[in-house]
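Q: If you want the building blocks of each chain, they are given just below.
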Amino acid sequence: MDNITQSSAKQQPMSDIDVDDNSWHRVSPLAILYFIEKLFLGLLNNIFYMLPMFIVLWDEIKANPWIAAGIIGLIITLITIFAIWSFFVFRYRLSDGTVEVKSGIFAKKHVNLPFNRIQNVKIEQPFYYRLFDYSSMAFDSGGSLNQEARLIALPLAFAKELQQEINAFKPANPMTDVESTSFDEDGNPTNSQSANSNASVETVENTRSIGDLVLHGITSNRIYIILAAAAPFVNDIFEFFGDKLEGFGVDIQSHIDNDPMWQISIYAISLFLLVIGIMTILSIIGAIIMFYGYTLSRTEDKYIRRSGLITKHEVSVPFSRIQIAIMKQDFLDILFGRINLRLDQLNAQIANANVSQSGTNKLIVPSVFAYECRDIIAHVFPEHGLHEVAFKAISTRFIIRYISFFVVPITGILSYIAYHNEGLSAWVVLVISGLLTAIVYGRWCRWGYQYNDAYIYIRKGLLGRDRYCLPITKIQRITYSQSLFMRKNKLVSLKIYLASGSYTIPMIDEDHAKRVYNYVLYKVESEAKAWM
Amino acid sequence: MENTFSNHILHFDDSRIQSPEATPLAEHYAMVNTAVSIVTLLIIISVALVAIFQPIWPMPDEGRTIAVYIASGVTTFFLLLIGYGYFAEKAKGYCVREQDITLFKGLIFRKVITQPICRIQHIEVKRGPIDRKVNLAKLHVYSAGDIAQTFEIPGLDLTLANSIRNEILAHKDMQHHG
Chain A
1 MDNITQSSAK
11 QQPMSDIDVD
21 DNSWHRVSPL
31 AILYFIEKLF
41 LGLLNNIFYM
51 LPMFIVLWDE
61 IKANPWIAAG
71 IIGLIITLIT
81 IFAIWSFFVF
91 RYRLSDGTVE
101 VKSGIFAKKH
111 VNLPFNRIQN
121 VKIEQPFYYR
131 LFDYSSMAFD
141 SGGSLNQEAR
151 LIALPLAFAK
161 ELQQEINAFK
171 PANPMTDVES
181 TSFDEDGNPT
191 NSQSANSNAS
201 VETVENTRSI
211 GDLVLHGITS
221 NRIYIILAAA
231 APFVNDIFEF
241 FGDKLEGFGV
251 DIQSHIDNDP
261 MWQISIYAIS
271 LFLLVIGIMT
281 ILSIIGAIIM
291 FYGYTLSRTE
301 DKYIRRSGLI
311 TKHEVSVPFS
321 RIQIAIMKQD
331 FLDILFGRIN
341 LRLDQLNAQI
351 ANANVSQSGT
361 NKLIVPSVFA
371 YECRDIIAHV
381 FPEHGLHEVA
391 FKAISTRFII
401 RYISFFVVPI
411 TGILSYIAYH
421 NEGLSAWVVL
431 VISGLLTAIV
441 YGRWCRWGYQ
451 YNDAYIYIRK
461 GLLGRDRYCL
471 PITKIQRITY
481 SQSLFMRKNK
491 LVSLKIYLAS
501 GSYTIPMIDE
511 DHAKRVYNYV
521 LYKVESEAKA
531 WM
Chain B
533 MENTFSNHIL
543 HFDDSRIQSP
553 EATPLAEHYA
563 MVNTAVSIVT
573 LLIIISVALV
583 AIFQPIWPMP
593 DEGRTIAVYI
603 ASGVTTFFLL
613 LIGYGYFAEK
623 AKGYCVREQD
633 ITLFKGLIFR
643 KVITQPICRI
653 QHIEVKRGPI
663 DRKVNLAKLH
673 VYSAGDIAQT
683 FEIPGLDLTL
693 ANSIRNEILA
703 HKDMQHHG
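From first to last, the protein sequence lines stand for chains A and B.
Note that the working numbering has the first sequence beginning at 1, numbered continuously upward.
Note that the working numbering has the second sequence beginning at 533, numbered continuously upward.
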């Protein structure tokens with residue numbers, strides 16, 4: 001194994017970081033591991049579609065295990081051959097402030113990405129790279145160009161240097177210059193542009209301890225990380241536990257038939273608690289896998305998030321690319337006084353299109369306190385008031401609307417069924433309608449909005465509470481809509497489009513809506529500030 | 533900062549628009565659209581009728597009656613829909629101002645969608661075969677806030693669509709960001 005490290009070091013010595021170096025480089029053979037992983041995951045994702053085939057052929061496979069083993073061996077060999085082949089055709093070149101990557105066996109791909117088009121540089125360290133201090137780099141160029149480049153199996157130190165090089169690359173493009181200076185009420189620059197020299201100085205803004213992550217696991221459902229990894233094996237897992245239960249002599253049917261009611265309910269409750277407990281533990285494990293060793297660092301114009309237990313992720317996001325700040329709180333978060341902070345960039349759909357692990361490339365700060373949240377947002381959106389804003393309620397017509405279009409019809413259908421069917425008692429109908437009404441009312445209580453000359457704030461939720469801070473100068477488009485009823489009652493819904501998605505403020509006073517609508521357009525159009 | 537911002541309505545013909553009200557789409561657009569829908573419906577109905585009454589594999593009489601009922605029910609439904617569509621298309625309108633472009637639409641849910649020109653990423657004039665026959669065009673406007681819905685003004689006269697496009701392309705903020 002040592003040879004590998006040495007030979008790769010020969011291929012790309014540290015001193016080689018010369019942006020004008022015009023030759024094509026090959027990466028370390030460790031890249032083969034990356035390609036194997038990628039091909040294997042691709043295969044695993046497609047296995048779902050091949051399941052019917054396996055089921056049909058199951059008897060055949062059982063009858064001839066050697067042929068099956070041979071096929072599996074062949075697949076593994078093919079994967080290895082393709083991985084090695086991919087490695088041989090993978091070349092990259094750094095020249096004139098661009099990174100170029102050639103890859104692909106059958107479909108050749110040549111990506112040419114100028115440094116100034118690169119939005120994000122993300123350094124990843126899967127566990128097989130961490131052993132040798134290697135890493136892979138993903139360059140994200142933003143939605144409209146729709147191309148992504150990835151450099152794999154680079155020595156970590158080299159990757160970091162290259163990252164700095166790219167970050168230090170100040171484009172001649174005026175559009176990117178304005179960004180870090182935006183968002184002052186008077187249009188005055190808030191931080192001086194000249195301080196380029198200390199642009200790469202990092203300060204650690206926030207770290208998350210294991211305790212925080214445990215709390216995060218409890219309050220937020222991070223179980224899907226484990227579920228996603230286990231998805232191909234879910235059937236086997238259930239079968240396994242089913243067999244085990246039988247093995248222990250647990251026969252559910254006989255218990256239900258024989259035991260008294262109170263005993264069965266205790267079983268049910270304990271089973272429920274057990275499931276909740278297991279889910280919580282899994283969620284905690286998920287949170288730790290995802291956020292272990294979390295640090296959020298800040299340079300003059302960007303945030304860098306590093307975390308991950310098995311694969312280390314590093315995401316750096318320039319402040320200017322951040323479109324919106326979202327403070328998310330579940331019911332339990334409110335109880336514990338914690339907030340999950342999200343700083344969203346371009347639309348998640350674009351961002352996730354080429355990255356399989358969604359969530360890992362988002363700028364999210366798990367389970368922070370309100371004051372930390374406030375400070376983190378303040379670097380991006382100066383003088384935001386998200387933590388202390390007094391929200392205005394939306395119209396009470398909201399309740400009437402949802403009760404008449406949602407609760408009343410459902411109650412009607414249920415009552416009809418209850419009337420004609422012995423099985424459904426009137427009490428159930430009453431409870432369901434009451435619950436739905438409470439939900440509508442609860443939603444209304446949470447809805448809120450506010451605006452000042454720089455930001456629009458939205459609050460919504462039911463048990464939980466999400467608060468949004470939308471910088472007005474980044475708004476892409478605005479929709480003003482009114483139904484016949486709303487027109488009669490002088491109400492308007494606004495829908496605001498940012499590059500990160502669209503956000504609605506339902507049923508607010510017409511005059512307010514007009515003011516917001518006109519002000520947004522005035523602000524966006526008169527200042528014409530860059531949105532990324 | 534000196535305030536030189538203005539956002540007046542732009543006129544593309546010797547137009548009558550003086551208020552920020554919607555300019556209706558081309559006169560014949562709703563008619564053409566409705567005609568296309570009716571022709572499509574007629575084709576589908578005739579295919580259905582032929583299928584029901586063809587003598588090669590005759591249907592049992594009972595099935596035939598049910599099929600006729602279903603066909604007439606579906607036809608009525610779509611006729612109502614087409615009727616609604618006619619008025620909905622009639623209700624559409626647009627407004628181009630110096631700094632933004634607005635689409636008005638909706639009969640029951642009235643919507644006013646405004647796209648600032650400085651946020652436009654690119655712009656297309658699109659024409660299908662029917663649009664070409666009747667000299668109409670659609671103006672597609674793309675911005676970054678777009679994934680789910682594109683901003684589209686249908687039923688514009690071709691020359692009008694082109695001049696709006698050119699005007700938008702000539703906008704100073706478009707040239708900056710282009």
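Fair warning: there could be bad hints in the mix.
Stated by the list, open to error - If the Cβ cut is set under 8 Å, some of the chain B residues that face chain A in the computed set are:
hint : residue
1    : Asn539
2    : Arg596
3    : Val644
As the list claims (entries may be wrong) - Some chain A residues well away from chain B (every beta-carbon gap over 12 Å; in silico):
hint : residue
4    : Asp96
5    : Thr299
6    : Glu388
7    : Ile475
8    : Ile478
9    : Tyr480
10   : Leu484
11   : Met486
12   : Val492
13   : Leu521
14   : Val524
15   : Glu525
16   : Ala530
Since the hints were derived computationally from the structure, they do not count as laboratory data.
Just so it is clear, CB atoms sit at the ideal spot from N, CA and C, and this is done for glycine as well.
Q: Evaluate each hint against the coordinates.
A: Consistency of the hints with the structure:
Here the hint on Asn539 (chain B) is kept, as its CB sits about 6 Å from the closest CB of chain A, short of 8 Å. Given the 8 Å rule on beta carbons, the hint for Arg596 (chain B) is violated: about 34 Å separates it from the nearest Cβ of chain A. This hint holds: Val644 (chain B) has a C-beta 4 Å from the nearest C-beta of chain A, less than the 8 Å allowed. The Cβ of Asp96 (chain A) lies farther than 12 Å from every Cβ of chain B, with a closest approach of about 23 Å, so its non-interface assignment holds.
For Thr299 (chain A), the shortest C-beta to C-beta distance to chain B comes to about 25 Å, beyond the 12 Å cut-off, and the non-interface label holds. Distance to chain B confirms Glu388 (chain A) as a non-interface residue, since its nearest Cβ pair spans about 28 Å, more than 12 Å. Not every beta carbon of chain B lies more than 12 Å from that of Ile475 (chain A), the smallest distance being close to 8 Å; the non-interface claim is violated. The claim that Ile478 (chain A) lies off the interface is violated: its Cβ sits roughly 6 Å from the closest Cβ of chain B, which falls inside the 12 Å cut-off.
Against the 12 Å criterion, Tyr480 (chain A) falls within the reach of chain B, whose nearest CB is about 4 Å from its own CB. Not every CB of chain B lies more than 12 Å from the CB of Leu484 (chain A), the least distance being 6 Å, so the non-interface label is violated. Non-interface call for Met486 (chain A) relative to chain B: violated, since the shortest CB-CB distance, roughly 9 Å, does not exceed 12 Å. For Val492 (chain A), the condition that its CB be more than 12 Å from all CB atoms of chain B is violated, with the nearest at approximately 9 Å.
Listed as a non-interface residue, Leu521 (chain A) fails to keep its Cβ farther than 12 Å from every Cβ of chain B; the least gap is roughly 6 Å. Distance check for Val524 (chain A) against chain B: the nearest CB is about 5 Å away, which does not clear 12 Å, and the non-interface claim fails. The Cβ of Glu525 (chain A) does not lie farther than 12 Å from every Cβ of chain B; its closest approach is about 4 Å, which violates its non-interface assignment. Residue-level check failed: Ala530 (chain A) sits 8 Å from the nearest beta carbon of chain B, not beyond 12 Å.
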